[in-house]
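**Student:** Sequence:
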Amino acid sequence: MAGQSIEGGLRFAVLGPVRAWRDGQELDLGTPLQRSILGMLLLREGRAVTPNEMIDAVWGEDAPPRALGALRTYVSRLRTVLEPERPARSRPELLTSIGRGYALRLPEDALDLTRFERGIAGAESARKGGRLREAAEGLRAALALFEGEPLAGAVGPYAEHQRDRLIERRISVVETLMDVDLELGNHARIVSELIALTADHPLRERLRAQLMLALYRCGRQGDALSVFTETREALIDELGIEPGPELTALHQRILAADPALAAAPVPAEAPAGESGAEEEPPHAHELPRPAQLPAAVNDFTGRKELAGRLRTLLSAQSAAEGVPVAAISGIGGVGKTTLAVHVAHAADDLFPDGQLYADLRGYSDEATAPESALGGFLRALGVPPDVIPDGLAERSALYRSILADRRILVLLDNARDARQVSPLLPGSPGCAAIVTSRVKLADLPSARLIDLDVMEPDEALSLFAAVAGPERVAAEHGAAMDVVAACGFLPLAVRIVAARLAARPSWTVASLVPRLADEQRRLDEMRVGNLAVEATFALGYGQLDPVAARAFRLLSLPNGPDISSEAATAVLSMSEFEAEEVLESLVDASLLEAPAPGRYRFHGLLKLFARRELNKTERPQARALTLRRLIGFYLASAQSAHRLAYEGSMIPANLVVAGSGRTFGSADEAVAWLISEGDSLFAVINQAAAGSRTGEQLLPAADLLVAMEPLLESGTHTREFDQGTRAVLATAQSIGDEASELRARYVLGRVLFAGSRLREAEEQFRRVHELSAERGEKIVMGEVLNALAVVVGSQRRHTEALALFDSAMSFYRENGVPAGEALVLSYSARDHLGLRRPEDAIAAAEKGLAIFTEIGSGAGTARARYHLGIVLSRVGRLTEAVHHHAECLAFFRASKQRVWEQRVCSRLAETFIAAERYPDAVRHAEQALVVSREIGHPYGEALSLTVLGKALRGLGSVTRSSDCLRQAFEIFSRLGAPEAGDLKVLLDTIPDSAGKVVES
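For the numbering used here, add 35 to where a residue sits in the sequence shown, where the first one is 1.
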């Protein structure tokens, strides 16, 4: 098929249905709207498209109210289709975010339209060079890329407009092909083709003229004259006009049997590479050849793939493609100028007429005016100063006239904006331009935008070695990697630190590590001579207006790795629209990164610079207020998440919430938000714990920990929970804040229980119960009584556990919390079993399930089914047990509660063992083992190994069974879990290969 005629990699088609292939396999591009968005991005050929442009293009005036959200969803889905193996939250390589919009970075020759236009350009060149057969073959090959109606399946005003344009482009090329065939004397062969074409396009006079000429040359003068008559009638009937002068003149010449209409002899083909065109006028060679490029650095490192892509872009020289313009943007110190100069020198062979260079000083107080830069260019091109015009428009016109028919590369360095650059761009194919700027020049027409990122670690290490000395770096490789990491892989920072090391032979690479580890002094270490990272950052910062500058400072306050647009709105105390505007302006200025739609982050060194400016400018009270706004947003959002994840819980109503937050449509969405924001949430909790001096300051962080309880069930942030709760607890104890202390102890108890550290968990829960009773706080009273009962029951103190469950039940009933009652009933069932009261166990579990079902709690219902399944399995009602566990497993997997997922898989394996369905048991036990190891859950791992060992034993795999059971015994023993005793008894009965019982 034409769309995938080139093997390997990604290929796209718009000259027919919008389609894509990877390695020859067609991709599922989804709905017509999704295909329309992809089609638009493909046709923009790497140029940025704003969301508003996309919405207008796809929906037009019928855009739905939530079109922006739908657009982001379609873009996200396309990213998944195009880069299925891209790690979560990593930066997309193909469908990237640029400024406020998106751009699709296409591999070379990936789009059929690109190959079409390149083929047409080659055919035009061959035709000018007198190689008519080559031109005809090239035109036919290009036309063969069409596979029906262009952009078929795409919808919206943009697709309709582009479809018309491509159809017109195709028929225009067909007309050119017919001309070439007539020049080759192929008139007889193309008559039938022209008859079909004129039937499809009866009003195209050029096709009619070609048919008339072909018929005349075939000796069919009468038919040729009939075509004119038919054409005239059609034009009068349809448009009310007479044929044009060219068609009329041809008609007269056919009537007169003009001898000049006969087919001319076909000229001999000129050898490839010889144009056959007239020689260039002498003046083109009399003008001076400018060579203004700065010297390239002799230790240029890395960027090999990008440099290759830039050379390919600059070499695209055809009228169809216009003037290639590469607009390189990025933060200060990322190496924009170094890369541009390197590429310009490497492309010297492509531009025999020279190179022009101008430093536009876009970030100084005196930026270069376009008129001044043009004056310099014109003088370099040999124009006498006294004839250079004064006005910008006149200078630009003269400049472009001189560059016409010449091959010159223009490098415009440190541009401020598109308005400064536009008059300096060449106007004719053959020339090309490279522009560097800290801002993303999304409004620069026809520019290919390139957002230059920091170096890859190995590239940064190579640069460090090139400057500091390869022997020194090779001798201390690990320390060198720590140094370049502290530099954030920013080329300027790496070069400065390496230069300092090179100038101090007595220093070691390792001696730099502690110097750079101190964040307060790191920027001070990154200066040598006239070079300083801080000064480079200050240039971009100094161009911001006061609102953007303050936003830049305030956004550096949170310690999280990134921040969502909603959280940034809280930090900046702005409306959502205002916040998005200022955030995107900082992205455009390369002072903030947008790794994904709606998320923002700093480069590490820029964040240190912004914080330094923050501490200089903002008072401590203002900084504290900003942090409180952020915690308030997170707490309000987590409260909503908790309310959905644990329907009927008392906790959300007892949280002290100030401010508004996100709302969610479902429990799954709420838990997904907690998981995605987990790192940022714990960062702000630890930040508040470190900075709080009063209970009023600390309590929101402690409440946030409690509100995040559903995240604990996911198993994704167990270590962070442990660290965060201990940080809050330590601060609470140091300032005497019992309210925060009891909350932190409650969450810490949950963390310890999840790790099967039962005695420590019991100690925390008892202290929480005491504090709650003393203070009369209800926020976790019911939960802690229930949790304490579960911990005691897990230590097989079943009578004591049931007494605690009774206390929890009384509390929930007094406070009208049916979900709490259901929780108690469900969890207490296992203690009834422990006391050999199966009827009571079944009754409690079934009643708990009934209550949860009645109040519509999805999470509660799943937990109740889990406990009921255990009870039914133990009493031999295996089919019912499997049913309940299968139901709750589906819920836990959908809601990403991985702790519960591994628990249920282990219990299913136990039931299958009881049913002697050992293969099913092994499968579920292995699933449980994988999950428990992925989330770092030692008790779950030991439980999974236990049931796996028993299942393997049932299959007769004695050796592997023994290995699993011994591993489980070691983990249970390390945890101090009572299950260790059960396993010891079992292991003592397992014989070794010689038939002897092995001591455990």
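Heads up, some of the hints might be wrong.
Using C-beta positions, here's what the derived DEER-type ranges look like [unchecked claim]:
1. Gly426 x Asp400: 20 to 26 Å
2. Ser546 x Gln60: 49 to 55 Å
3. Val582 x Gly357: 36 to 42 Å
4. Gly65 x Ala538: 53 to 59 Å
5. Asp841 x Ala929: 15 to 21 Å
6. Gly65 x Ala432: 18 to 24 Å
7. Gly95 x Ser463: 43 to 49 Å
Treat the hints as calculated values from the structure; they're not laboratory data. Treat the numbers as computed from the prediction; the structure is a model and nothing was measured. For glycine and all other residues, C-beta sits at the position ideal for the given N, C-alpha and C.
**Student:** All the hints need checking, so say for each whether the structure fits it.
**Tutor:** Checked hints:
no.	hint	verdict
1	Gly426 x Asp400: 20 to 26 Å	holds, 25 Å
2	Ser546 x Gln60: 49 to 55 Å	holds, 54 Å
3	Val582 x Gly357: 36 to 42 Å	holds, 37 Å
4	Gly65 x Ala538: 53 to 59 Å	holds, 57 Å
5	Asp841 x Ala929: 15 to 21 Å	violated, 34 Å
6	Gly65 x Ala432: 18 to 24 Å	violated, 47 Å
7	Gly95 x Ser463: 43 to 49 Å	violated, 36 Å
The structure does not agree with the numbered hints 5, 6 and 7 stated previously, though it agrees with the rest.
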